[in-house]
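Asks: Protein chains in written order, with my numbering: chain A, 1 to 254; chain B, 1 to 644.
Hints were generated in silico from the structure; no laboratory data involved.
It cannot be assumed that every hint is accurate.
[Claimed, not checked] Straight-line alpha carbon distances no greater than 20 Å define the calculated EDC-like cross-link-like pairs of lysine to aspartate or glutamate that follow:
#1 Lys82(A) / Glu554(B)
#2 Lys20(A) / Glu555(B)
#3 Lys82(A) / Glu394(B)
#4 Lys151(A) / Glu594(B)
#5 Lys51(A) / Glu561(B)
#6 Lys50(A) / Glu507(B)
#7 Lys15(A) / Glu507(B)
#8 Lys487(B) / Asp386(B)
#9 Lys151(A) / Glu394(B)
#10 Lys18(A) / Glu555(B)
#11 Lys533(B) / Glu594(B)
#12 Lys380(B) / Asp120(A)
#13 Lys15(A) / Glu367(B)
#14 Lys252(B) / Glu483(B)
#15 Lys15(A) / Glu554(B)
#16 Lys51(A) / Glu507(B)
#17 Lys380(B) / Glu104(A)
#18 Lys20(A) / Glu484(B)
#19 Lys50(A) / Glu561(B)
#20 Lys15(A) / Asp208(B)
#21 Lys345(B) / Glu634(B)
#22 Lys500(B) / Glu46(A)
#23 Lys184(B) / Asp120(A)
#24 Lys503(B) / Asp42(A)
As the structure is a computational prediction, the values presented were derived from the model and not from experiment.
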Amino acid sequence: MSNNMNLTLKVWRQKNAKAKGELVSYQADHVSPDMSFLEMLDVVNEGLIKKGDDPIHFDHDCREGICGSCSLHINGRPHGPKQGITTCQLHMRSFNDKDTIVIEPWRAEGFPVIKDLATDRSAFDRIQVAGGFISVNTGGAPDANVIPIPKVVADEAFNSATCIGCGACVAACKNASAMLFVSAKVSQLALLPQGQPERYRRVQAMVAQMDAEGFGSCTNTGACEAECPKEISITNIARMNRDYFTAKLLNSEE
Amino acid sequence: MKLDAKIPQGPLAEKWSKHKFNLKLVNPANKRKYTVIVVGTGLAGASAAASLAELGYNVKAFCFQDSPRRAHSIAAQGGINGAKNYQNDGDSVYRLFYDTIKGGDYRAREGNVYRLAEVSVNIIDQCVAQGVPFAREYGGLLDNRSFGGSQVSRTFYARGQTGQQLLLGAYSSLNRQVNLGKVKMFTRHEMMDVVTIDGEAKGIVTRDLISGAIETHSAHAVLLCTGGYGNVFYLSTNAMGCNVTAAWKAHKRGAYFANPCFTQIHPTCIPVTGEHQSKLTLMSESLRNDGRVWAPKTKELAEKIRKGEIKAAELKDDDRDYFLERKYPAFGNLVPRDVASRNAKEIVDEGRGVGTSGIAVYLDFAESISRLGEDAVRAKYGNLFDMYQQITDENPYKQPMRIYPAVHYTMGGLWVDYNLQTTVKGLYCLGEANFSEHGANRLGASALMQGLADGYFVIPYTLGDYLATIGPKAIDANHPAFEETKKNVVDRINRLISLKGNKTVTEYHRELGHIMWEYCGMARTEEGLIKAKGLISELRKDFWKNAIVTGINEEFNQNLENAGRVADFLELGELMVDDALDRKESCGGHFRLESQTPEGEALRDDDNYAYVAAWQYNGDNQPESLHKEELVFENVKLTQRSYK
Chain A
1 MSNNMNLTLK VWRQKNAKAK GELVSYQADH VSPDMSFLEM LDVVNEGLIK KGDDPIHFDH
61 DCREGICGSC SLHINGRPHG PKQGITTCQL HMRSFNDKDT IVIEPWRAEG FPVIKDLATD
121 RSAFDRIQVA GGFISVNTGG APDANVIPIP KVVADEAFNS ATCIGCGACV AACKNASAML
181 FVSAKVSQLA LLPQGQPERY RRVQAMVAQM DAEGFGSCTN TGACEAECPK EISITNIARM
241 NRDYFTAKLL NSEE
Chain B
1 MKLDAKIPQG PLAEKWSKHK FNLKLVNPAN KRKYTVIVVG TGLAGASAAA SLAELGYNVK
61 AFCFQDSPRR AHSIAAQGGI NGAKNYQNDG DSVYRLFYDT IKGGDYRARE GNVYRLAEVS
121 VNIIDQCVAQ GVPFAREYGG LLDNRSFGGS QVSRTFYARG QTGQQLLLGA YSSLNRQVNL
181 GKVKMFTRHE MMDVVTIDGE AKGIVTRDLI SGAIETHSAH AVLLCTGGYG NVFYLSTNAM
241 GCNVTAAWKA HKRGAYFANP CFTQIHPTCI PVTGEHQSKL TLMSESLRND GRVWAPKTKE
301 LAEKIRKGEI KAAELKDDDR DYFLERKYPA FGNLVPRDVA SRNAKEIVDE GRGVGTSGIA
361 VYLDFAESIS RLGEDAVRAK YGNLFDMYQQ ITDENPYKQP MRIYPAVHYT MGGLWVDYNL
421 QTTVKGLYCL GEANFSEHGA NRLGASALMQ GLADGYFVIP YTLGDYLATI GPKAIDANHP
481 AFEETKKNVV DRINRLISLK GNKTVTEYHR ELGHIMWEYC GMARTEEGLI KAKGLISELR
541 KDFWKNAIVT GINEEFNQNL ENAGRVADFL ELGELMVDDA LDRKESCGGH FRLESQTPEG
601 EALRDDDNYA YVAAWQYNGD NQPESLHKEE LVFENVKLTQ RSYK
């Protein structure tokens with residue numbers, strides 16, 4: 001088709017966590033504007049495999065913007081040039097013929113590179129393990145309608161809960177801070193009545209783990225909010241800070 | 001072997017309570033002496049792992065994703081059913097049971113389905129207690145909607161991402177147990193085989209996807225919660241990593257595979273754009289509540305639309321065929337998924353399809369927008385409309401959406417009894433990976449319900465019975481079976497790695513998908529299925545000669561991962577065809593052209609096919625043996641489904 005594009009890619013290739021990486025150039029020709037960004041990479045990889053070369057490794061799974069696996073830094077921006085979407089939802093019509101596209105992994109101390117564009121984001125799991133839950137055993141729950149929750153509160157908790165854990169907030173931040181991610185979970189549970197009993201203990205445990213993982217501090221630049229594919233607000237960070245200070249002041253829970 | 005489903009005797013409503021009482025219990029002090037392996041961390045796996053750990057068992061949980069939170073349950077949009085009757089509109093456990101049995105075209109077990117409906121109410125309670133932010137009314141109570149053709153509003157939802165919210169709830173419970181040291185989590189690990197000792201499952205072999213290390217893990221029982229096999233069709237709404245490998249390896253170790261040909265084709269997906277397409281995107285079924293499905297009345301008009309000579313929105317009402325409303329006046333656009341899908345295919349086969357490819361029909365919101373206003377439609381479906389526009393570059397507020405069916409869910413899976421145990425003792429199967437509750441067609445908002453029912457409320461009881469029977473004696477991790485199984489895994493990986501042909505694994509996968517979609521998709525014939533069997537067998541032979549697998553085992557190697565999964569799909573595909581050939585009737589999503597009513601609806605043959613087809617593996621390239629579990633209906637009367 002006439003509106004197909006020829007592109008130059010500069011892709012970060014790194015054999016494993018210990019190897020030294022470099023940007024390698026590839027030609028991607030006859031790219032249809034209807035392809036997703038990852039499908040464009042698939043086509044490049046098919047070409048590499050046919051030559052017996054190692055394909056470009058990147059994390060991906062659902063390819064509909066919800067699993068949070070995909071994680072590419074495209075032309076200097078997490079998830080590429082468009083707002084409110086993940087890399088897998090980015091289509092090639094957002095680029096022009098003869099463009100050069102630079103593709104890098106997330107860059108943050110908390111997310112070491114595993115290979116090429118895939119990074120280790122298990123620090124996020126460990127932060128959740130530290131306290132991102134309500135302690136309720138299966139079977140012990142009261143009827144779901146026992147506690148009415150005002151719609152505005154439920155909606156606000158939902159907005160925080162939409163985080164997909166992709167790590168774009170960390171990748172976007174000059175300090176590689178994980179505050180948006182952590183505060184989204186803290187907020188979701190702090191807003192709901194079910195989350196109250198462990199509210200202050202939770203925020204302290206999660207912040208402590210976040211610090212232990214080597215993520216930087218928040219200096220309120222707002223880059224995280226701007227790049228978040230789910231457009232999670234930095235209001236969450238303010239809410240978490242407030243809870244954290246309250247917890248310290250009250251020292252109410254261990 | 002005679003299949004014993006172990007469905008308890010007695011009245012339907014008492015079966016589960018009586019059964020629970022009859023199950024053996026494990027002494028609380030003994031629970032910590034047992035280890036249970038859970039493979040997969042979607043709704044079924046995460047909920048099972050968390051619940052079993054809460055009881056005191058030691059759990060080892062595995063997932064191939066980089067985090068348990070990324071399992072494909074996360075992508076479910078619409079909602080979860082629960083027979084709460086909060087809306088006072090006549091719902092009940094019995095009605096949910098009845099709807100599920102009928103919707104599944106009478107190919108599921110009464111006892112299992114009733115239990116599912118019974119525990120559905122507990123699931124909602126549990127999720128709310130975990131902090132799942134379901135949609136609420138202004139009064140603060142939970143909101144419900146009618147979903148997928150249901151006549152009552154029993155679906156709980158969290159905007160368009162119910163799956164993610166439920167999974168994050170289960171994931172948080174799982175994390176709590178990781179924190180307490182009761183669950184050990186293995187991410188980026190793929191299960192490569194089941195280890196059996198004297199016919200009982202005692203462990204698994206895994207591959208660390210980063211280092212390539214092949215490891216063995218022992219346990220008193222193994223739970224497979226590994227999802228469906230829709231990716232056998234190459235293009236589906238499943239995530240790229242979804243695969244049949246775990247279930248298939250279990251099958252080869254003696255677990256029967258039931259009703260493999262029962263696949264669900266979802267009617268409202270975004271159509272394919274070209275050969276590069278890697279997956280298909282579902283547009284929530286809820287859209288059919290307000291959208292009207294249509295196609296141009298004639299081939300000539302369709303052709304003009306395809307060429308861009310006229311625009312869909314400009315076509316006069318008289319020139320449109322609202323075919324679902326025309327054929328099914330009572331249910332209209334809300335007919336079950338299989339019926340809606342098949343009708344779209346008929347339109348395309350008649351040459352009345354739209355879009356440049358001609359493989360699509362319209363889902364039109366013009367009428368709703370004029371009735372409710374654009375803002376009201378945006379409030380309800382805004383995120384879906386945005387998603388559509390992002391993918392297609394078309395504005396669905398101005399032009400009707402183009403939709404076409406796509407593979408979405410697989411009702412078939414490993415055969416399990418009432419306790420969720422497969423035909424291998426100690427090996428259990430939960431969620432989409434098993435065959436049980438949905439019969440030949442799954443109702444909307446029932447997949448999430450089943451996954452969580454199995455994990456939260458069934459397995460914690462039934463597993464205890466088995467564990468109490470075998471006793472807490474430690475498993476001998478040095479038993480030769482572990483080394484033997486590991487060696488088989490290594491040998492197979494070496495065979496894959498040595499493939500240095502000229503065709504990529506993806507090319508084989510795509511070809512397999514074409515065969516499956518063409519001959520074992522929405523409409524099946526004996527002739528087509530026989531042809532497909534030959535084609536798949538040829539393709540599989542060719543794969544093991546001419547495929548290319550790059551790199552080595554001892555590294556992060558996505559090409560090798562994919563090769564192993566596609567090799568298993570190439571075997572499963574043939575079994576699906578065998579199953580579809582055996583079942584000469586039509587039922588639910590399985591439509592044999594030879595078996596239809598004069599109106600073109602699926603025609604069941606209850607006298608000859610009211611059974612679960614359970615297939616036994618007999619060795620490589622050997623035909624599988626069919627075992628039939630007769631379905632007994634004591635409570636519902638089998639009727640021809642009619643949505644007129």
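Asks: Does each hint hold? Answer for all of them.
Replies: Now for the hints, and whether the structure bears them out:
1. Distance restraint check for Lys82(A) and Glu554(B): the Cα-Cα separation of roughly 37 Å exceeds the 20 Å cut-off, and the hinted pair is therefore not satisfied.
2. A threshold of 20 Å between alpha carbons decides the hint, and for Lys20(A) with Glu555(B) the separation of about 16 Å falls inside it, so the pair holds.
3. Taking the CA atoms of Lys82(A) and Glu394(B), the gap is near 17 Å; set against the 20 Å cutoff, the hint holds.
4. The suggested pairing of Lys151(A) with Glu594(B) is violated, with an alpha-carbon distance near 52 Å, which exceeds 20 Å.
5. A hinted pair counts as satisfied when its Cα atoms are at most 20 Å apart, and Lys51(A) with Glu561(B) qualifies at roughly 19 Å.
6. Note on Lys50(A) and Glu507(B): the hinted pairing holds, with a Cα-Cα distance of about 11 Å set against a maximum of 20 Å.
7. A C-alpha spacing of about 25 Å is found between Lys15(A) and Glu507(B), which places the hinted pair above 20 Å, so the restraint is violated.
8. For the hint pairing Lys487(B) with Asp386(B), the CA-to-CA distance comes to about 50 Å; that exceeds 20 Å, so the pair is violated.
9. As the CA atoms of Lys151(A) and Glu394(B) are separated by approximately 33 Å, the hinted pair breaks the 20 Å bound.
10. In summary, the hint linking Lys18(A) to Glu555(B) is supported, as the alpha carbons are separated by about 12 Å, within the 20 Å threshold.
11. Between Lys533(B) and Glu594(B), the direct Cα distance comes to roughly 18 Å. Compliance with the 20 Å bound is thereby established for this hinted pair.
12. Of the supplied pair hints, the one linking Lys380(B) and Asp120(A) is violated, its CA atoms being roughly 37 Å apart against a limit of 20 Å.
13. Taking the CA atoms of Lys15(A) and Glu367(B), the gap is about 55 Å. The hint is violated against a cut of 20 Å.
14. Between the alpha carbons of Lys252(B) and Glu483(B) the distance comes to roughly 18 Å, so the proposed pair stays at or under 20 Å and holds.
15. A threshold of 20 Å between alpha carbons decides the hint, and for Lys15(A) with Glu554(B) the separation of about 12 Å falls inside it, so the pair holds.
16. A threshold of 20 Å between alpha carbons decides the hint, and for Lys51(A) with Glu507(B) the separation of about 15 Å falls inside it, so the pair holds.
17. Restraint check for Lys380(B) and Glu104(A): the C-alpha separation of about 37 Å exceeds 20 Å, so the hint is violated.
18. Distance hint between Lys20(A) and Glu484(B) is unfulfilled; the C-alpha atoms sit about 38 Å from each other, more than 20 Å.
19. A hinted pair counts as satisfied when its Cα atoms are at most 20 Å apart, and Lys50(A) with Glu561(B) qualifies at roughly 17 Å.
20. Restraint check for Lys15(A) and Asp208(B): the C-alpha separation of about 17 Å stays at or below 20 Å, so the hint holds.
21. For the suggested pair Lys345(B) and Glu634(B), the alpha carbons sit about 36 Å apart, so the restraint of at most 20 Å is broken.
22. A hinted pair counts as satisfied when its Cα atoms are at most 20 Å apart, and Lys500(B) with Glu46(A) qualifies at roughly 14 Å.
23. For the proposed pair Lys184(B) and Asp120(A), the alpha carbon gap of about 18 Å is at most 20 Å, so the pair holds.
24. Distance check on the hinted pair: Lys503(B) and Asp42(A) sit about 15 Å apart at the alpha-carbon level, within 20 Å; holds.
Checked against the numbered hints listed earlier, the structure breaks hints 1, 4, 7, 8, 9, 12, 13, 17, 18 and 21; every other hint is satisfied.
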